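Chains A and P supply the protein sequences, listed in that same order. Going by numbering that gives the first Met the number 0, the residue at position 210 of the first sequence is 209; the numbering climbs one at a time, nothing skipped. Going by numbering that gives the first Met the number 0, the residue at position 180 of the second sequence is 179; the numbering climbs one at a time, nothing skipped.
Honestly, the hints are just simulated from the structure, not real lab data. Incorrect hints may appear among the rest.
One copy or any two copies: either way a pair holds, since identical chains are not told apart in the list.
Stated by the list, open to error - Keeping only pairs whose Cα atoms sit at most 20 Å apart, straight-line, the calculated EDC-like set for lysine to aspartate or glutamate is: (1) LYS220 / ASP150; (2) LYS110 / GLU200; (3) LYS55 / GLU33; (4) LYS220 / GLU70.
Predicted model, so just to flag it, every value in this text is computed and none were measured.
Letter by letter, the chains look like this.
Protein chains: 2
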Amino acid sequence: MSNLHLGEHISRQFNEDLEEVRSKVLQMGGVVEEQLGRAISALINNDNRLAREVVKNDVRVNALEVEIDEECTRIVARRQPAASDLRLVMAVIKTITDLERIGDEVKRVAKMVHEELEGALDEEIRQELEHMGELVKGMLHSVLDAFARTDARSAVAVAKLDHKVDIKYQVITRQLMTHMAQDPTQIPTMMNVLWAARAMERMGDRCENIAEYVIYLVLGKDVRHVSLDDYERELEAS
Amino acid sequence: MSNLHLGEHISRQFNEDLEEVRSKVLQMGGVVEEQLGRAISALINNDNRLAREVVKNDVRVNALEVEIDEECTRIVARRQPAASDLRLVMAVIKTITDLERIGDEVKRVAKMVHEELEGALDEEIRQELEHMGELVKGMLHSVLDAFARTDARSAVAVAKLDHKVDIKYQVITRQLMTHMAQDPTQIPTMMNVLWAARAMERMGDRCENIAEYVIYLVLGKDVRHVSLDDYERELEAS
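So that you can see chain A by itself, here it is in the shape it has in the complex (with noise of 0.2 Å):
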């Protein structure tokens, strides 16, 4: 056997390694996402049953977490990745990470509407909620696409959706102290939506998070606190 061969033979291992880890990311963002989407409807259709559910299954979350976790540790370990590979993990170790904090604030949610809304909702802030919750449904959708196809058109375009996401959550922020104000008892309920909607503002923050791992894992650039129109240009220009 020539070395050509163990080359190539090493080379098709470790990118098999790579793929497990790349689809195990999306495994993972897709329990998420699955989390997500019954945490809301939970929260809007005041489901105590299914907000225990969704609490209780964050345990899968966490797991795969640390599975990928031990998985990168063992990749860098034995297959010494360089240049876009090492890129890659990098950009894994970090997604996962704000992955498996947008499952925390999916749970925090659920744990809301089980233990302490109790029907409390009116019509108006059930909307809003509702509208919140399927825009950052579409990001973290959006965001673990732009993952699979390493896009970072797409992650741009996912980054700059949060504006939205903290204007829902301004304005749902106004109408619950105009609630408070005008009837003092609501204020601990309106708390705690207020809390819901606070998770769910956190969460779009994350998937921005992520939308920037996917830029650095294509572009080999750290987007992080510069503007991301700068990076819309370039790509843009590319």
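The hints should help you fit chain P onto chain A, whose structure is shown.
Just chain P, lined up with the frame of chain A:
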């Protein structure tokens, strides 16, 4: 020059690289600690000017994160670390993410001061916030110390402190809700105080995360999502 010498040379250079990264993490931690101390002081003393400085200085934290991240990627690519060295690099990558996010929460507290509060805190809440700030500052200082000395026992002790921060946060939340109920015109202001308290509560969570990375670094075990008591017993027995 024999291979052995070459090996020693590479290894010495490698150790220097790792030391450099460790010391930069501590430098970054020092900046975040200083930022936190100043944000709390600005909050308690309603010092707008100090608060603005804190907001401005957050770029230092961000720059250090990007710098250390790049250094870690370089080390993995060039030195191909194994076992405990690789664990150190992985722990550093995760630690600086949490340090940077603590920096973001600090900035959030500072922004509340100079934009919103305008001297609206009564003495009781001021004292509670100050105490909560001291708890979080203590956690951050201790966990950086545990990182510097790679001391898993101290790290476990820090992680367990987060409970105190959570309790303090609940106390402050209740006080603020009482204020809101008594005087609904105060709701927007009290909400901002609550965001500041919430930001400090998140800092505690992130100190706990860092503590877990230190334990991972020392024991080679991922202690996220498992009971810290188990690891404490293991450490006591060792």
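Do the hints match the structure? See the list:
Proximity of LYS220 to ASP150 under the C-alpha cut-off of 20 Å is restricted to the intra-copy arrangement: shortest distance 14 Å within a copy versus 34 Å between copies. Both within a single protomer and between protomers do LYS110 and GLU200 lie at most 20 Å apart by alpha-carbon distance, with minima of 16 Å and 18 Å respectively. Taking the shortest Cα distances, LYS55 and GLU33 sit within 20 Å of each other inside one copy (13 Å), while across copies they are farther apart (39 Å). In this homomeric assembly, LYS220 and GLU70 come within 20 Å of each other (Cα to Cα) only across copies, at 14 Å, whereas the closest approach inside a single copy is 24 Å.
Consistency note: the structure conflicts with none of the earlier hints.
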